[in-house]
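Just so you know, the sequences run in chain order A and B. Read in order, the letters of the first sequence correspond to residues 1 to 177 in UniProt numbering. Read in order, the letters of the second sequence correspond to residues 1 to 576 in UniProt numbering.
Not one of these hints is a red herring.
Just so you have them, the derived chain B footprint on chain A, three or more residues with Cβ under 8 Å:
#	region
1	21-28
2	63-71
3	74-88
4	161-175
Counterexamples of contact, computed for chain B against chain A with all Cβ distances above 12 Å:
#	residue
5	Thr15
6	Glu214
7	Gln358
8	Ile372
In the DSS-like style, the derived pairs of lysine-lysine whose C-alpha atoms are separated by at most 27 Å in a straight line are:
#	chain 1	residue 1	chain 2	residue 2
9	B	Lys476	B	Lys539
10	B	Lys556	B	Lys526
11	B	Lys159	A	Lys77
12	B	Lys191	A	Lys77
13	B	Lys53	B	Lys149
14	B	Lys312	B	Lys245
15	A	Lys64	B	Lys309
16	B	Lys556	B	Lys532
17	A	Lys67	B	Lys193
18	B	Lys193	A	Lys77
19	B	Lys325	A	Lys166
20	A	Lys77	B	Lys165
21	B	Lys556	B	Lys374
22	A	Lys71	A	Lys162
23	B	Lys338	A	Lys67
24	B	Lys203	B	Lys312
Note that these hints are calculated values from the structure, not bench results. Since this is a predicted model, take the numbers as computed values, not measurements. Using N, Cα and C, we set each Cβ at its ideal position, and we do this for glycine too.
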Amino acid sequence: MSEDIKTFTISVYTENNIGLLNRISAIFQRRHINIESLTTSQSEIDGVNRFVIVVNVTKTNAEKIVKQIEKQVETIKAYYHTDEETIFTESCMFKIKSELLFEEPQIQNIIKESNTRIVTVNKEFFVLEKSGRRNEIESLRRDLNVFGIMQFVRSGRIAVTKDEMKITELLSAFNNQ
Amino acid sequence: METQTLNKKEVAEKTQRITGCEAVVRSLIAEGVDILYGYPGGAIMPVYDELYKFQDQIHHVLTRHEQGAAHAAQGFARISGRVGVALATSGPGATNLITGIADAQIDSTPVVCITGQVASHLLGSDAFQETDIVGISTPVTKWNCQVTKAEDIPAAIAKAFYIAKSGRPGPVLVDITKDAQFGELDFKYEKCKGVRSYLPVPKTSQDAVNAAAELINAAKKPMIVWGQGVILGEAEAELKAVVEKAGIPSAWTILGASALESSHPLNVGMVGMHGNYGPNKLTNECDVLIAIGMRFDDRVTGDLNTYAKQAKVIHFDIDPAEINKNVQSDVAVLGNSKESLAMLFDALNENSHEAWLQEFRDLYQVEFDSVINKDLNPTKQGLTMGEVIKQINIQTEGHAAIVTDVGQHQMIACRYADFKMSKSNITSGGLGTMGFALPAAIGAKMAAPDREVVAVIGDGGFQMNIQELGTIFQQKVPVKIVVLNNEFLGMVRQWQQLFFDKRYASTEMTNPDFVTIAKGYQIEGKRVSNRKDMEAAVKEMIASENSYFLEVCVEKEDNVFPMIPSGASVSDVRLS
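Same shape as in the complex, but just chain A (with noise of 0.2 Å):
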């Protein structure tokens, strides 16, 4: 019985060394896994680093993907989880041409009704910033194309998981081996 495809976040903790990048998106290669979005960066825990990697794939994959990861000498811990195990989100920042925001009022409702965030303002261009669930963040995009992005950037996902990670402890234990 084929198994059904979901979507994962697979979180990483690390170490911070140079090279693990390259190890764990191969993983990815090999198995011919597309990586939805990555995002690494510091964690909770001094000199520890975290990424967040979101793929569509099955449980059992997803499965194998954290054992092999976790295979990884500089790897402390690998989990994976369904969006419903996750608190999730994404950012994205629009550019758009400065004459619009005052010729075109249906902009301004739009910033307001989607609490979006102007960052600046000048003669040429406006930045807005949002962050939210990648449909909330497509929604905006296609509200704002009708009137022209001049660019458009779109963050990896970040997440927490409901349930705790141990990972202050896990690295005690690796201590006292």
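With chain A's structure known, arrange chain B on it following the hints.
Frame of chain A, contents of chain B only:
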């Protein structure tokens, strides 16, 4: 000649201001390295200059190609259980190591490769002989790093040795820039005892062992398939104790060969594409399949949709990523095989499965009548590969370490070699690297000079690293080389015959006079093409105290059977 001699303790404890390249050599001495394989070049020359100074302590073997160095380091590691070391320069020197590194990765062989790199200010500038070897080797190393400062060299090498050898072993690469080799540091060596974020051996759960024992104790038709994890875990005695106590028919993967002697009554042969008929067929009839230190490679399982579906599967492995990777297990026992098998032994009931074992014997008889007897005791005119292996068994009394290349001869050697002691089968399993055997045999013989090391190679693979005859000649390595010459890339030809309508596209080889080539390297040699001469020739080879080259001209179009066609079920194993 100016040389230095330091003991390991002196090297490690004496803090001194030294150069990075001296730190490389002292770090190697501190790790107990007394032999390494490599090839000098621009970016690694400072290290070579230091090796010249320390040549009383570290014997550097100049191979004729860096691939040879990597394979020699593998052969050294596989027979000794120690870490093999290879050294190369930047650029092509480093990339030439890659095949050996990839081979070591898939066959879990502990190897440390040290490569020179262009000076750090040139990194990324496409400088002469610059390649991103860390990037290139990332997918095929257990760990790798680049060192750009002299003071980071000892810790990087210490970490490299620890990671290469611990847990599931593997290859590690340390790339050192030339300026780091020339830079200075206060040297003090501390062996690496652990790496945060790396748990090499997962703890074995007593509950999991109990669950495994419960299934085995209740089984009517249990079957063990063990792999190299038993040898790497030095668990040969524990495996034997488990097999004998529970009376379980036990088969092996190609890399597991020799962990239990071939003649053991419960050793039922090899599984896999060219494995034995009985264990392949009966994999799909056993009620409990106990996999120990093996990874359910596709060459072992054939079609996964039909593999051992009737059986409860128990999987012992040190690597959690192997559990449920290919075959879903009912019970997983993580940990080192030496400990987990000892725990299993305590929980097992004494048992015997005579009727079940008889099924293996019956199928062996079928295989013997239709395949084995023809291979070992042929009546046709042409020589078979099997009878050559049989003769080697007789002349070495089963005590030789057999190093094989890849192809038909490899399958024949693994099937028919009479292994009496562990670590006697050195072959390229997972990567299937032609060109492996000749350099690997050099490493094996140098690591175990008291053992008879016989390299069995096909005419194709021999020519892939034939230049290493030069290393044998220069180093006077008394390795015995047997080339089974069928003037074909035999295994590919077999597939062409069976699956490509006998269209022998680019598989026939016009070979040179191998004996003359060997003689050019001052290696005594002989060619045999008649059965009547074979016994004497093998005898002469084994009796020789020096390296010896024996070419045996075998039947051109013999095939290796049994065979599971690629992607077919293990039950569909063919005898012809």
